[in-house]
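Asker: Based on the hints, put chains X and V in the right spot on chain A.
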Amino acid sequence: MSDNRTHRKWPFSHSRGSIEEGDHSIVVENLSKMFKSYRKSGMPDKLAVDNISFSVKRGEIFGLLGPNGAGKTTTIRMLSTLLIPTSGRAVILGMDVSGGNIKEIRKRVNLVSGGERGLYYRLTGRQNLNFFSNLYDVDRNKQKELIKELLDIVDLKDFADVKVESYSRGMKQRMHIARALVNSPEILYLDEPTIGLDPEIAREIRSLIRKLADSGTTIILTTHYMQEAEELCDRIMIVSKGKSVGYGTLEKLRETVSDTNVVEIITNNDPHDAVAKLSAERDFIHINTERISGRYCTRIQTKDNEDILSELDALFSRYGLRKMGYDEPTLEDIYLSLVGLNES
Amino acid sequence: MNLKAVTAAFKQQGIQFLADPQWIIPSIIAPFMFTIVALYMHTDLTGPVVLTAVLGGGVLGMWGNMLFASGFTITYDRYNGTIEPIMMTPSHMIDVIAGRSIWNALIGLLNAVLVFISAEAIFGVGVSLADPLMFFAMLVLTLFALASIGLMLAALFVLTRASFVVMTILQFPIYVFSGALFPIQQLGVFAPISYVLAPTWSVDALKIAAIGHGDTIVSLGLSFNVAIAFVLMAFYIAAAYFLFKIIERNIRESGALVRY
Amino acid sequence: MSFVTERIRVIKASCILSIHDLFTTIRPSLWLLQVVVPSLFAMFFFSMIALYAGADREFVIIGNAVQSIGMTTIYAVSGIPGVQKHIGTMSPLVAAPSSLFTIFLGMSIFGIAAGFISIAVSLFCASFIFGVSMASINLTSALVVILLTTFSVGGISMMIGSVGIYLRTSAIIANVATYIGLVLCGVNFPVSDLPGWAQVIAHCHPLTYAVEATRGAVVGSTVADLAEPILMMIVLGIIFIILSYLMFRFFEHLARVKGRMDTF
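If you're matching them up, the sequences are chains A, X and V in order.
For the first sequence, numbering that gives the first Met the number 0 assigns the number 343 to the last residue and increments by one with no breaks.
For the second sequence, numbering that gives the first Met the number 0 assigns the number 259 to the last residue and increments by one with no breaks.
For the third sequence, numbering that gives the first Met the number 0 assigns the number 263 to the last residue and increments by one with no breaks.
Be careful, since some hints might not be right.
[As the list claims (entries may be wrong)] Chain X is faced by these chain V residues, among others (derived, beta-carbon under 7 angstroms):
1) 18
2) 22
3) 25
4) 27
5) 31
6) 32
7) 33
8) 36
9) 44
10) 47
11) 52
12) 181
13) 187
14) 188
15) 189
Source of the hints: derived by calculation from the structure; they are not laboratory data.
Quick caveat, the model's predicted, so the values are computed rather than measured.
C-beta atoms are modelled at their ideal positions from N, C-alpha and C, and glycine is treated no differently.
With the rest of the complex left out, here is chain A (with noise of 0.2 angstroms):
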């Protein structure tokens, strides 16, 4: 995406109004969603989400962190009407999802799921935003215009008449945010938007988001790249197995784990057999070990106060120790100790 765009005008400004008592693009109470199981599955009834409550300022980004199946796609899609809520409520822009005004909400918000499904491959990028202008009732004289808009902002302009059979990933992944953004939706709902995608298309993502962000558009995101999540969310839940097991601003979800300790350990040679003894012996909430720039990273939470870097010494001595110490939770800390507690 090119630099030169920063200076035009953006097109989808929104006003953040003054944030008051109310004031808020979504509110969440209660919200529970049961899924019959499928005939003859063998599967019983399953709890995607369970009871979650939250809400969403303008322009505001908010993330939803989780492991796979915790509920996170199901809330998005409740959020966005494709899904009715068993029970609760959800309340888009002043409108009930339940109610009577699918239309009017679905006039002003969109989404972008993950992947490569979701346009129509025979079609060219052009063709399918031509398509989806149309269905969002956009002003036939306007359509040309914000086409082009469009392809502008997501980079694809010299692809916007070839087919999109032929892009490649991020292509395609670019290609959904332009069609979530032909309504120039209040709400955009982004459901793993970076998956799969190599880290420089993904930055550019990012900085396209923050961007919508900046002029109004209220966010939810969902995403497994707790970096992501870290840099552009300005709140966040963490959701596991369907409950909300932790939510505020980043400070604030440092302070439900502020009786974790976290020590992070960094070795020359892989301690792995250390690990699978801490591991089998000690009750932490969580232990791993990754390898960075050709060392070993082992990152230890535990609720245990006594002081256990001696032992921690000596167990890791001898796999080349050379760094270790008490470190500050990082966002992914606090995601593995929340969702580790809720899942033991």
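Answerer: Just chains X and V now, with coordinates in the frame of chain A:
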């Protein structure tokens, strides 16, 4: 009804069709083959028999195309993963399907014309029209009769993931009840099934306009046929509307349509 | 020996997988409807035309009962590569060390068996619904003929399927093949009515012999009486299976060269 959505869907289906027209081949080939078979089966190959077979081949072409196209229309969205994005829009799914059904019916008519022309080229059957203007008007009526029944069928196809199976199951029953290659009266007690199909009446009207007489038991003239076709079409559209309402509600309850 | 047992294992695994896959997509009852309804209505449709045209009704009904294999075996077997492409499993299958042909052979077994069921059920309907007399039927001949019909038509179906590895058009070819069978193979009127060139094509199609032999079995001909069409079905079946193997290898190679393994 959102006309803009209907037009957009019509246009989209057209572009899609031109991008990949091969799937229409079976619906051209099948009726053509059936016409040839019917002609070979006739022991007494006189002019009217040949004409009936050729006209009948065209009617089969229309029906076959309509059946496959309405079955394919939502399956195509399943493959592309575009059901959700469509449902997200303020337009109704029925508007989108209606636009596509009109395109499909148009192709069905072209299909019929193609069968006539090829049959004329091969068997030398001249189709001279008794009332060309009326014939054209009845052609338009047939277009909408097919589109409306296609719309209702498409709604039924939304309900199944096995739309190709359902298409295969329905193909021959539809050919039987279209009364294309033999008079409907031959169906005896089953003939009323043909009479609840709007295209039966519009095609009969088409025959009246083309050769001066139709096939149906009740021959009260062309305007009667037109009236019945309209009543049936209204019924299909209403049924499709309610079906889509229910379907949309069910999808929003269970999220089931997204599976493919 | 391990070569053979390994192949048998792959065939068995592919066959079981294809059956599981089929019946998770459609219910067995719907599958049975798919086998029975089209052939029943095709018999009805053409018998109605026969009635109108003054043709031999029993001739037409038995012909269409045998032709019903087109709508089961040809469609099912030739569609296999397309289905794999749709669900994205073509690449992993090609990447597996087992031969792709063996895998598809396994996946085709059920479709071929379905052809047997289809003809048997259709002949049953011909008798009980359409009143075709089966009083003098020679059951041994009928059984041999139906088995050989499924074998030889299975060969053609696999040959059409092989095209689907590379092109999108195998469904179209399957349709055309089915309808060619309808016109050329003596299903609704004698092959001798056709122009000379068409008769030549008809005699390269196993369905022509299948229809002829079935009519013979229905009126009581023994296997020995039907030696000629039976022999022709065996020969043509073997030729088509060899051809399908060669075409599989060719199109698999082409797909790997052009990178069209998952294009659909």
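Asker: State for each hint whether it applies.
Answerer: For each hint, the structure was consulted:
1. 18: Result: violated, 15 angstroms to nearest chain X Cβ.
2. 22: This interface hint is violated because 11 angstroms lies over the 7 angstroms limit.
3. 25: For residue 25/V, the interface hint holds, since the closest Cβ of chain X sits about 4 angstroms away, which is under 7 angstroms.
4. 27: Violated: closest Cβ of chain X sits about 12 angstroms from residue 27/V, beyond 7 angstroms.
5. 31: Since the shortest Cβ distance to chain X is 10 angstroms, the answer is violated.
6. 32: holds (6 angstroms)
7. 33: Since chain X brings a Cβ to about 5 angstroms from residue 33/V, closer than 7 angstroms, the hint holds.
8. 36: This interface hint holds because 5 angstroms falls under the 7 angstroms limit.
9. 44: For residue 44/V, the interface hint holds, since the closest Cβ of chain X sits about 5 angstroms away, which is under 7 angstroms.
10. 47: This hint holds: residue 47/V lies near chain X, its Cβ roughly 5 angstroms from the closest one there, short of 7 angstroms.
11. 52: holds (4 angstroms)
12. 181: Where the cut-off is 7 angstroms and the nearest Cβ of chain X is about 6 angstroms from residue 181/V, the hint holds.
13. 187: Hint holds; residue 187/V Cβ to chain X Cβ min 5 angstroms, cut 7 angstroms.
14. 188: holds (5 angstroms)
15. 189: violated (9 angstroms)
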